[in-house]
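J.: Just so you know, the sequences run in chain order A and B.
Sequence positions in the first sequence follow the working numbering and run 1 to 155.
Sequence positions in the second sequence follow the working numbering and run 1 to 790.
Because the hints were derived from the structure by calculation, they are not lab data.
Because the structure is a prediction, the values reported are computed rather than measured.
Glycine included, C-beta positions come from ideal geometry on N, C-alpha and C.
Some hints here could point you the wrong way.
[Claimed, not checked] Computed spacing ranges between beta-carbons, pair by pair:
1. B/N34 - A/E115: 45 to 55 Å
2. B/A68 - A/K78: 45 to 55 Å
3. A/E2 - B/Q32: 28 to 38 Å
4. A/E114 - B/S190: 50 to 60 Å
5. A/E2 - B/Q162: 56 to 66 Å
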Amino acid sequence: MEISVKINGTPQKHEIEPRQLLVDFVRSTAGLTGTHIGCDTTSCGVCTVLLDGVPVKSCTVFAAQVDGHEVATVEGLKSNGELHAIQKAFTAHHGLQCGFCTPAMMLVGAAFIEENDNPSDDEVRWAISGNLCRCTGYVNIVKAIQAAAEERRAQ
Amino acid sequence: MTAAQTLSTPPEIGGIGHSVPRQEDARLIEGQGNFLDDISLPGMLHMAIHRSPVAHARIRGVNTEAAAAVPGVVAVVTGELMAQHNLAWMPTLSGDTQAVLATDKVRYQGQEVACVIASDPYTAADAAALVEVDYDVLDPVTSPQQSLADGAPLIRDEKEGQTDNLVYTWESGDSDATDAAFDSAARVVSLETHYPRSHPAPLETCGIVADINSVTGQATLYMTSQAPHAHRTLFALVAGLPEQNIRIISPDIGGGFGNKVPIYPGYVVATAASLLLGTPVKWIESRTDNLISTGFGRDYHMRGELALSEDGRILALRADVLSDQGAFYSDAQPSKLRAGLFHVVTGSYDFPSAHVTCRGAFTNKAPGGVAYRCSFRITEASYLIERLVQNAAYEIGEDPADFRLRNFIKPEQFPYTTPTGFVYDSGDYHTAMRKAMDEVDYTALRAEQAEARAEGRLIGIGVAHFTEAVGAGPSRTFDIAGLKMFDSAELRVHPTGKAILKLGVKTQGQGHETTFAQIVANELGIPVTDIKVVHGDTDHTPYGLGTYGSRSTPTGGAATAMVSRKLADKSRKIAAHLLEAAEADLDFSAGVFSVRGTPDRSVTIQDVAFAAYTNMPEGVEHGLEGSYYYDPPNLTFPYGSYIVVVEVDAETGVWKVDRMVALDDCGVRINPMIVEGQIQGGLTEGFAKSSMQWITFDEDGNCIGSNFMDYLVPTAWETPRFELLETCVPSPHHPIGAKGVGESATVGSPAAFVNAVIDALAHLGVRNIDMPVLPDRVWAALQSAGGGVG
Chain A
1 MEISVKINGT PQKHEIEPRQ LLVDFVRSTA GLTGTHIGCD TTSCGVCTVL LDGVPVKSCT
61 VFAAQVDGHE VATVEGLKSN GELHAIQKAF TAHHGLQCGF CTPAMMLVGA AFIEENDNPS
121 DDEVRWAISG NLCRCTGYVN IVKAIQAAAE ERRAQ
Chain B
1 MTAAQTLSTP PEIGGIGHSV PRQEDARLIE GQGNFLDDIS LPGMLHMAIH RSPVAHARIR
61 GVNTEAAAAV PGVVAVVTGE LMAQHNLAWM PTLSGDTQAV LATDKVRYQG QEVACVIASD
121 PYTAADAAAL VEVDYDVLDP VTSPQQSLAD GAPLIRDEKE GQTDNLVYTW ESGDSDATDA
181 AFDSAARVVS LETHYPRSHP APLETCGIVA DINSVTGQAT LYMTSQAPHA HRTLFALVAG
241 LPEQNIRIIS PDIGGGFGNK VPIYPGYVVA TAASLLLGTP VKWIESRTDN LISTGFGRDY
301 HMRGELALSE DGRILALRAD VLSDQGAFYS DAQPSKLRAG LFHVVTGSYD FPSAHVTCRG
361 AFTNKAPGGV AYRCSFRITE ASYLIERLVQ NAAYEIGEDP ADFRLRNFIK PEQFPYTTPT
421 GFVYDSGDYH TAMRKAMDEV DYTALRAEQA EARAEGRLIG IGVAHFTEAV GAGPSRTFDI
481 AGLKMFDSAE LRVHPTGKAI LKLGVKTQGQ GHETTFAQIV ANELGIPVTD IKVVHGDTDH
541 TPYGLGTYGS RSTPTGGAAT AMVSRKLADK SRKIAAHLLE AAEADLDFSA GVFSVRGTPD
601 RSVTIQDVAF AAYTNMPEGV EHGLEGSYYY DPPNLTFPYG SYIVVVEVDA ETGVWKVDRM
661 VALDDCGVRI NPMIVEGQIQ GGLTEGFAKS SMQWITFDED GNCIGSNFMD YLVPTAWETP
721 RFELLETCVP SPHHPIGAKG VGESATVGSP AAFVNAVIDA LAHLGVRNID MPVLPDRVWA
781 ALQSAGGGVG
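Bound conformation, chain A alone (with noise of 0.2 Å):
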């Protein structure tokens, strides 16, 4: 079957299986390898993309619905050559280590930031809290997704 989906900003047409995963679609048909697989069960959060803005585990999600709609991964978190504040975060506060983890996480933190731009620690916490990570303990991820808070209340 044939989908039509915007990708980071661009309309694109596919050719896919109806059982095709979207995290296989991404990933392999789309060809954009930021977006991750570590568990089949959407329990670790790696797969996440954001689905018209909203994030979701695209391990559980077919294709074959994203079809008209719109989808965003760690690849188009940069515009016009710029990193985008919570890539900048991440780095700053050293919230990566191995760096799996890290594309879904920053995609979590984007959306949320749109939302809430003055989060606590706990709010952040409870947004990344279907986000696993393995390396950092989470402590440095909510500082950056803080600080990327604090930069986007300041614009």
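With chain A held as given, fit chain B onto it using these hints.
T.: Positioned in the frame of chain A, the structure of chain B alone reads:
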């Protein structure tokens, strides 16, 4: 910079002690990391594994017809086919053999039985499910106690001379002296506890892309490997491939924690399939594959005893361990040490005698025994001694912190030889513990605890002081599968003064591309941002044994410092030539050679680098490059004092961390930001193991915990906040005084968390709850101690 260190380079150079932002971040924050599953080669096929659904069964037959008939399937590989190529079995890192694909029996649930190679991963998975295996189900052995009991089913009946399920026996220390000390003891404190099976569960699972060119014989194996050089040699030895034609590329790794040290059956089958089919083959584990079949950690059933004198001094320790090894003995650990470094179990304390025994038992469970974010078996040892010491304090009615302070090895006793033969390099345990106690205002905390108890609230204060032993070699003691444990660095400075550093170790998130550049920056004054660090490609890096056991900084970091010093020596010769001065008259600081007394006569390291290719003194070899293989004279011994405060809900058994202060001394910190990040991550893993994270099996040998819905790892919501402190007693034998830190917090913290919960219940007589300290276990302990509510 850290409080305890002085800086020898300015921030723009970014040497040791600077929290330099990580060089590896740029690609990772833009989705440009190159992880194993991101690799796609022309014509690449995909592999999926058919695994045993039962824990113990004889295989009557394997029918691959239905699988082979699926459109898109290229081949179905069975154990029989592997046997034709003499690859149905492979050696493990501990000198055992392990089935690559089962031929005779399956010995654990999830064992590899057949592999399907297909055009795409969906087809491969579909077809793998259609492989039919006729099993004659046998009684499973699901505990090491059952395994060693009379009449237990023999798991390894294929092993010549194996008549029972015993894997090994091992001992350390002096049994006579220990017995004598126990005979004369005023008191004996004992503890039986199980350090449960746990799985490292890096978020990226294991995988391989095997690409063997049938014309040239070149075998390029992209692997999630923490030890690419060792894997290259093992592939050469096992598969008979010429080593010069094997290139292991370990790309960005999404966490390892010991899980990516062993060689797994999937790697071998994918490589054989690529060789036979003449096309690249990719295999990526599913999460379930990862959790049920690859290297687990721990699973030690431990009994410990402390002999105490009348005045509260430790006289001796006895420890006996029964290790659940699973179906194959595949511990990833030094081959001479059956129980790894478990004999470091005497911990941070000064006493003369110890005796340690360990038996390993085969069971119908997945094989493993990897050093899961710890040096080999040290977390088990640290846990046992710190739990024992806590109980010893209760036994004599003393505060657990005071008991430790009296029994600690004193600063003036270093280097300190332990009763089991370790020589601790340096430390000041008293200062560390007092600093942590001051931070929490320990005395006031105990008073608050007493008040809370009077009100019926259960507050617990857990103390733990660990000593780790990391950084293997020295090579005279440490080898893995015969490969000596040293490590290496190769440094080349280009004419424009930019440098490339190549390492034998391999990062999985530890930040090597930054910290190792900082070591060069510190020694030569070349800015960190001018140094590229290359690792994980055996064609382009010098030999080394890889990254695990916190060994990268102690070995590879030392090699980096030493090769930098080699180049500094040569640079001095060139600088002397350029400045027309004697070498001895030159000062060298932060990348500038200057003539002593006339500092305006100077050249930079960049000038020297250019001259190395354009204007060399007569008789000196051109170029500015070198390599160094560093064999450490000893392990390094990082340590720390941890204090945890918990509150236990007497009605539900739920406990909550109110506070955790973690003081770590890992010697000199190269990049304090990265060190603190490692500690935060390690503490979280320690919390995970003490509170929720374990792999269990039912009585049929079914693995409970085969996905992230059943195997609980903490999210940000459950993870406590940790307060970090430090002291700095450098390692006297390491070139830059660093000790390694990646695993300290995972080693030291479980005892602190558990001690805190026990401390909350200690007045009721509770002395042990096994990990994970689940609410139902706490509740049951409260009920049986008569302290429960409701």
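J.: Run every hint past the structure and note whether it holds.
T.: Here's how the hints hold up against the structure:
no.	hint	in the structure
1	B/N34 - A/E115: 45 to 55 Å	violated (33 Å)
2	B/A68 - A/K78: 45 to 55 Å	holds (47 Å)
3	A/E2 - B/Q32: 28 to 38 Å	holds (29 Å)
4	A/E114 - B/S190: 50 to 60 Å	holds (58 Å)
5	A/E2 - B/Q162: 56 to 66 Å	holds (60 Å)
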